[in-house]
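Novice: As a plain string of letters, each chain reads:
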Amino acid sequence: METILFLAATEPDGSLAPAALEALGAARSLAAALAGCSLTVGLQGPSVQTAADRIAGCGATRFLGVAGPDFGSARYASDALAAEALVRASQATVVVAPGTSRLSRCLPGVAQRTGGQADTHVTALGARESRPFVNRWYYRQRMEAVVQRTQRPWIVLIDPGSQSPWDGPPGGAVAVEMIDVTLPEAARKTSVVGVRAPAADAQTIRPDADLLFVAGAGWTKKQADGQARVVEAEQIILEFLKRSRASLGSTKSLVDLGGEGQTVLSFLSHLNQIGQTGATPRHPKGLSTCCHGEEPHTVGWRFINERRAISLDPNCGWARGKADVLYVADAFAVMREVNRLLAANA
Amino acid sequence: MSTAYHVVVCASLVPDPLQTLEPVAGPAGPALKNEAMLPFVLDPWAAHALYEAAHLAKNRPGTKVWLVSLGPKPKLQQVMMTVAQKVPFEFVPLDGSASGFAEASAVAAALAEGIQAIPGLDRSKLLVFGGWESASRGAGVTLSMVGERLGIIDQFQGVDELKIQDDGAFEVVERLEGGQHQISRCAGPPALFGWATGHLPEPKNNPQIGMINMRTLMPALQKAKPIQLADAGLSFDSVVLPKQLRETRIVKDASAEDVAREIVDWISK
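Here the protein sequences come in this chain order: G and X.
If you're matching positions, the first sequence starts at 1 in the working numbering and goes up one per residue.
If you're matching positions, the second sequence starts at 1 in the working numbering and goes up one per residue.
It is worth saying that the hints were derived from the structure and are not from the lab.
These numbers were taken from a predicted model, which means no experiment stands behind them.
Take these hints with a grain of salt, some might be off.
Calculated pairs, EDC-like style, for lysine to aspartate or glutamate (alpha carbon to alpha carbon, straight line, at most 20 Å) [to be verified]:
{"id": "1", "chain 1": "X", "residue 1": "K33", "chain 2": "G", "residue 2": "E144"}
{"id": "2", "chain 1": "G", "residue 1": "K285", "chain 2": "X", "residue 2": "D265"}
{"id": "3", "chain 1": "X", "residue 1": "K243", "chain 2": "G", "residue 2": "E337"}
{"id": "4", "chain 1": "G", "residue 1": "K285", "chain 2": "X", "residue 2": "E161"}
{"id": "5", "chain 1": "X", "residue 1": "K125", "chain 2": "X", "residue 2": "E161"}
{"id": "6", "chain 1": "X", "residue 1": "K269", "chain 2": "G", "residue 2": "D324"}
{"id": "7", "chain 1": "G", "residue 1": "K242", "chain 2": "X", "residue 2": "D265"}
{"id": "8", "chain 1": "X", "residue 1": "K269", "chain 2": "G", "residue 2": "E129"}
{"id": "9", "chain 1": "G", "residue 1": "K189", "chain 2": "X", "residue 2": "E161"}
Start from the sequences and build out the full structure, keeping to the hints where you can.
Specialist: If you want it as structure tokens, here you go:
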């Protein structure tokens, strides 16, 4: 019989992020699929009561918490200590947590400390013959596996964006069993001093956007008139991002050109990179422009639901068989017109 | 006076990303079709970690760099023919599977044991580097478990920048969600860094560095310790390629205006 722990870190305001509510939804589904198992909530952060009250109606039989100023920052030493205490106190056999940067950093180490195992980037989980299983991808989203484990505790980190968030009604005040965790001096060797975010008008990565706009290397190549029009490409893309609120992804080749000091789209960095050595973001829609290449380059939009592409090559492997619609057209002309229409509709 | 460090880089081998990969059922679980025939490369993010380590060593006299890598001996040799020409390091090969389907905790145990066996390694100077995820398992689990086995509780993942301050403390820049970075200050070693891309370009091949590396690399390869990885209760119900092939509607000979109108309608839905 499994004991499931839903584990999450609270936000600075004491709330739970959408990724955490997704993991809670997954934990509840797993609990429902496993007969006789119990669900415990474990929260860590500067304060946990607000978050616990928010999910009081999730069906958990216990609420555990580790809270205090020492646990406010995303620091490995303190996060791992708090999570370890929650895992041990709950006697969890399966731990379901959101795959945020914060918990992805510390939970594999917690698995090591508690004699368990960890699986990250989990995109689905369920139960078969009373045994839990998870789906995850290998070789950079090239192949999907269904995995089971016998070793416990099994820590499962859910990929944000892959699940429906739990959206049950707010419950009343819940009694949280607080666990006293004292941070040793050695765990204070690191301190978080701040977060660096791009300026609001320079922010091109928007995980919550409905649309991923993928810019390919074709934007920087010579056009029909024999000239590269990089400055114009920048203007078109930035205007589109501003008007559509899309998130910007880029193919590796375009990012690499930047690393080699060539004049390319100035706002691109490796953080925009999608694909083999970049991100595989999740958005409802994706529009690729001037992209080319076959697998493995196309894994960058593996998790995009509706896909359309603009390319001058009707046989482009990026789009054929992988996009729903391929527009064989000049992206400069099309996107200029798209911007004009979006401006007119604003 | 600048501090010297002992930098240990953990780096796996992965199939060249441009190769077609297909899973097959092997005697000990899933494997890649024709895996022995595939050309391999040093894992991309771990390679960045190696370049960062070499950059650190160049600017910190007395700093030493070790490269600890687990893989089949012939593949290790093949990959080192290229990597050894990039930057100076001392090689610590471990002869075993480089499969992405191998259990991360078992790989971590092998790597930690290999690190602990390095003669003269000074824990008070120890920095463990690696990629924050591999291009094979892609989990970001192994390095953290290596750190735990070595008793390192200052761990950073998705590192894009590491600056050493005048007082010996580190300023570490780690990736967060949404294009943001977290900045931390760590008082000093031992510490572990799972590198993302960093900022350094791939070094050009330097035959002189290759010659120096080869003096120790080939004898180390000959003595590489064989490693058997335990499965730790991991089993695979299935491993499949995504079969999803979309029926692509191809729109040719439409004006830019018509295409734009259709796109705007679509994104506005």
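Novice: All the hints need checking, so say for each whether the structure fits it.
Specialist: Against the structure, the hints:
For the proposed pair K33 of chain X and E144 of chain G, the alpha carbon gap of about 15 Å is at most 20 Å, so the pair holds. Between K285 of chain G and D265 of chain X, the direct Cα distance comes to roughly 13 Å. Compliance with the 20 Å bound is thereby established for this hinted pair. Annotation: proposed proximity of K243 of chain X to E337 of chain G is violated, straight-line Cα distance about 35 Å (limit 20 Å). For the suggested pair K285 of chain G and E161 of chain X, the alpha carbons sit about 32 Å apart, so the restraint of at most 20 Å is broken.
Between K125 of chain X and E161 of chain X, the direct Cα distance comes to roughly 19 Å. Compliance with the 20 Å bound is thereby established for this hinted pair. For the given pair, K269 of chain X sits about 16 Å from D324 of chain G by alpha-carbon distance, which is consistent with the 20 Å threshold. A distance of roughly 17 Å separates the Cα atoms of K242 of chain G and D265 of chain X; the hinted pair therefore holds under the 20 Å criterion. Restraint check for K269 of chain X and E129 of chain G: the C-alpha separation of about 41 Å exceeds 20 Å, so the hint is violated.
Restraint check for K189 of chain G and E161 of chain X: the C-alpha separation of about 19 Å stays at or below 20 Å, so the hint holds.
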